[in-house]
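*Asks:* As given, the protein sequences belong to chains A and B, one line each in that order. If you're matching positions, the first sequence starts at 1 in UniProt numbering and goes up one per residue. If you're matching positions, the second sequence starts at 1 in UniProt numbering and goes up one per residue.
None of these hints come from the bench; they were simulated from the model. Cβ atoms here follow ideal geometry from the backbone N, Cα and C, with glycine treated the same way. Just so you know, not all the hints are guaranteed correct.
[Claimed, not checked] Restraint-style ranges between C-beta atoms, simulated for each label pair:
(1) B/Q136 to A/A138: 34 to 40 Å
(2) A/A138 to B/D128: 42 to 48 Å
(3) B/D68 to A/L130: 43 to 49 Å
(4) A/W154 to B/G16: 50 to 56 Å
(5) B/S225 to A/A253: 41 to 47 Å
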Amino acid sequence: MSAVATSRGYAGATTAPRSNPIADIAAMVAREARRTVRSVDGLVSAFAIPVCIMLVFVVVFGGAIETDGKYIDYVVPGILVLCLGFGSASTATAVAQDMTSGTIDRFKTLPIFGASVLYGHVIASVLRNLAACVPVLAVAVLLGFRPHADAAGWVAAIAFSVLIIVAFTWLSCVAGLVLSIDAANSITFVFLFLPYVSSGFVATDTMPSWLQGFANNEPFTPIIETLRDLLSGVAPGDALWQACAWLVGILVASVVLSMLLYRRTVAR
Amino acid sequence: MPTPVIEVSGLTKSYGSNHVLKGVSFEVQPGQIFAMLGPNGAGKTTTISILTTLVRPDSGSIRIASTDVLADPKQARRHISLTGQFASVDAFQTGRENLAMMCRLAHLNRRETARRSAELLEQFGLVDAANRRVAQYSGGMRRRLDLAISLIARPPVVFLDEPTTGLDPRSRVQLWSIVRELAGSGTTIVLTTQYLDEADQLADRIAVLDEGTIVAEGTAPELKSRVAGQRVEFTLQDARSYALARTLVTPTSENPELLTVSVDAPAPMTVIADMLALAAEHDIVVADVNVVKPTLDEVFLALTGRSATSGNANGRANTTTNANGHTNTDAREPEQVAA
Chain A
1 MSAVATSRGY
11 AGATTAPRSN
21 PIADIAAMVA
31 REARRTVRSV
41 DGLVSAFAIP
51 VCIMLVFVVV
61 FGGAIETDGK
71 YIDYVVPGIL
81 VLCLGFGSAS
91 TATAVAQDMT
101 SGTIDRFKTL
111 PIFGASVLYG
121 HVIASVLRNL
131 AACVPVLAVA
141 VLLGFRPHAD
151 AAGWVAAIAF
161 SVLIIVAFTW
171 LSCVAGLVLS
181 IDAANSITFV
191 FLFLPYVSSG
201 FVATDTMPSW
211 LQGFANNEPF
221 TPIIETLRDL
231 LSGVAPGDAL
241 WQACAWLVGI
251 LVASVVLSML
261 LYRRTVAR
Chain B
1 MPTPVIEVSG
11 LTKSYGSNHV
21 LKGVSFEVQP
31 GQIFAMLGPN
41 GAGKTTTISI
51 LTTLVRPDSG
61 SIRIASTDVL
71 ADPKQARRHI
81 SLTGQFASVD
91 AFQTGRENLA
101 MMCRLAHLNR
111 RETARRSAEL
121 LEQFGLVDAA
131 NRRVAQYSGG
141 MRRRLDLAIS
151 LIARPPVVFL
161 DEPTTGLDPR
171 SRVQLWSIVR
181 ELAGSGTTIV
191 LTTQYLDEAD
201 QLADRIAVLD
211 EGTIVAEGTA
221 PELKSRVAGQ
231 RVEFTLQDAR
241 SYALARTLVT
251 PTSENPELLT
261 VSVDAPAPMT
271 VIADMLALAA
281 EHDIVVADVN
291 VVKPTLDEVF
301 LALTGRSATS
311 GNANGRANTT
321 TNANGHTNTD
331 AREPEQVAA
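In isolation and in its complexed conformation, chain B is listed as follows (with noise of 0.2 Å):
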């Protein structure tokens, strides 16, 4: 096992009787994809602003890139670099000019500036954009611009504070790969989101945290099998099906309105066989098949006894994979598909 590059441990922060965190400890390993997830208000931000050196823990220890971070903060913040909720890039100033501005404030020279800035315009796909103002940029190309300034110095940890929040679908996808590159080239990242399917896109390790602290911790494979495994959901053509199929099973759940009936299933095409050659045999007629696979926002749900966001309060899966294979989703969740 390699060195942890990120090691916090009882991180506490209270704001009068207000405590926000209560506990909050987590390892990192270099290269990883951290997310933290958890709705407004359960800690993530005031996490990632003490990890940052902007605000001072009440009792705590962290360690990055083995600088203790409470002790010399100022050490810390060479090692690290924050992407904030907001795209804290200058409106008044060209694409260039932001970077240019950064990049000296970097301290490197008027070469190394014009290289680097060129260089992570290119990256970045700013190139066409770079001498407009940003005032006149799409909100996901602030946030690429943000996060091509957080680069400039190719710090080995960077802190990504809800990236996608407010992004259209096509700039979230566009952002995901950009933040998996970053990984994939060494960099360490920690996220926070509120989005189920942003974490189990892409983390290597997701934490759950709620009311300021993890309730939970692993890959979302592992958090996901914390729940029931999963099913699959038979929708049957008509009435007369509908109430045959239900006496032939013993349905986990089902609903008469929408003649669904569904089976715990850890080998699914096994289950799907048996009922179809049962329906062959009692003339029952199956309209469609799916396989219902548990989400993060059902782990959320039974971790926390409440849903994530309100938007997803049903809990149910929004991904299913119906008997051909092919990938159903729900219009929530429409990176799912590339999954």
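Next up, chain A with everything else stripped away, as it sits in the complex (with noise of 0.2 Å):
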């Protein structure tokens, strides 16, 4: 084993001078796409599970909450709400591995663009994210979804969950930078749980006083009903404005939050 063939002088040439953000972001991105599809945990949490959520609560609640025969109007675009949050929340986990494993640390001392390896981890998201909806829509449909938005209806909606994907993700990844692989992985409970206590699966006016409260206040109300009411080719109203002052608050706390801890916190 010999390490090292050519000889070289202190001042002999390193890397190349020059800077570029998007290869640098497209190899980021590449890593990502490898985690998610080398790793059966990453699989089934990216795709099985959202196909899952959306069976449990078709067909084994739907029946319950029936009212009019259109519960599963009303109850997919909550389910795909829920399935991006948990989607973007593995982004958490992801940024916890490379921040103990020491990676990140690697990467800054890199001659390369800024916090490549975050972009690269929001870019993933997203594509991964828009990924997992296809098969949840397909077997939507195939249980009866039917939904009535135009084509620019679907473009609105498409935009409005990347909006979501994007926002969720760079708060998963404050929490990635901050807290322990473990302390990171929780964070998806709160994507899956906060969706319930929501006007998402059922109306806010039957749950108990006390939680109207929070369920009407709280974000996830308003991002369902505004991808229920693009999907369903209805105008949004207000739901609209209150969806993207949360989501564009939350995506810039996050990105101002990410981009402080990336220059300030070092592995361990």
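Could you use the hints to bring the two separately framed chains together as a complex?
*Replies:* Have a look at this one:
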């Protein structure tokens, strides 16, 4: 085993002094894609769990909650948002892994474009979550889901979904940068349970009155109502602005915090 | 004297009231292996983190390859690479994929990436494992891949933070020979270690770090000369021989249970010859003779008042050379044989 073939003095050539943000981020996205596809865990949580949640709500609970025969049209947007949140939260675990393994330290010592690794996580999350929506929607349609959106409505719904994913994923990056792997993993539960206490699965006026105040004012209620309106071909009302205010607020705060933490935090 | 490739002066760093570094200064010449030796919490990793742009010091200055690291960390990153305490390679990628990804991040094009990856896999003995996922690699293989990755851009200065912690003896020796070759080819290496034998084996210069300051710096022989020199230890056959022997010489230390007497001996062969002559004269039976050399552990004990590693708390010599010139080694330091 011979470690080094070429000799060089300390003034010798090092990395070419060009910077290439697109190539750097592309390499990071490819890395995240591999992480998802290569682990059974990653595949199951990205694709199988969302479909299972859909089946549970429509097939198991659907019959009991059904009132006017159209519960599936009511509940699918809630399930989609729940899945997007759940899928985005897995970024927290991945970032925490990169942090504790020293990988982020190494990236920081490379002459590459800033926080490329975080942009890679976010872009990979958008691609992963949009892909995960396809089987969920396919199963929903098989079970009787009939969206009435026109082309513009679909474009708006997809754009809105991307905003949801980007905001939640940046929030997950913050969690991943400060928490241990186990703690980062547990923020998944926040995204799994908050949607239940919203208008996503049952109307909030069926909840006990002490819970209604929370349910009506938490971010998942306007977010799910907006997506429901967009998919039903109805012009979204105030819910759209409330949802966007929440998501943009979360996004801006998370990006600023992530950038600060990325620069400041060192492994362990 | 050539210009130092690394010049560090007056580094301080505190976290609240915890003063991790209290003014660390040193210089490293091109192609040298410079070891920072010290127990956990001495400030080794903090120093490395500061030198590799991960942490900003409270005060001090650093020049690496004529770049002011604190003023222009981006430029400094072109001269360095860091191999951290953990093998920071992705378990979910193969060895080749890990290398290729880091080649792309070093802005090599597709062809250069393929060539450089193949080159490094070959040099680090990872060709057979190249297409296996790193999850299946042994600890030694991960470290080798980790080190290979940090050499992609041919950095003139390589930082290794505890490069052999947790490795089995064979992998350690393998890694040592890689580090030596690397230095031989002109790369400057700064490493941290808690292992005295590692610093002894590898380093051209050693800085002993304790509670945030460098308490001693020099070559291994220089540091060893700061404590008592070598001595000769005689083991006697029986109590009668022991009782006689200790009256005939002036032992610097003795142990009635082990039947040993030790004598300070700048010229050990003369002392041995004298002792054997005395033994023949007085009918003393000498069972064994060892030349005991001072170790860095003793140096560390002398400098800091405590042992570097709890496992070596006895502060005694681990390597002894017997009269036949054969080397006996303590189980803790199996690699000493290679010396």
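*Asks:* Given a hint of 41 to 47 Å, does the C-beta separation of B/S225 and A/A253 actually sit inside it?
*Replies:* violated, 60 Å
*Asks:* With 34 to 40 Å as the target window, see if B/Q136 and A/A138 comply at their CB atoms.
*Replies:* holds, 36 Å
*Asks:* Take a look at whether the Cβ-Cβ distance between B/D68 and A/L130 falls inside 43 to 49 Å.
*Replies:* holds, 46 Å
*Asks:* Using the Cβ atoms, figure out if A/W154 sits within 50 to 56 Å of B/G16.
*Replies:* holds, 54 Å
*Asks:* Measuring from beta carbon to beta carbon, are A/A138 and B/D128 in 42 to 48 Å?
*Replies:* holds, 43 Å
The structure fails hint 5 only (numbered hints given earlier).
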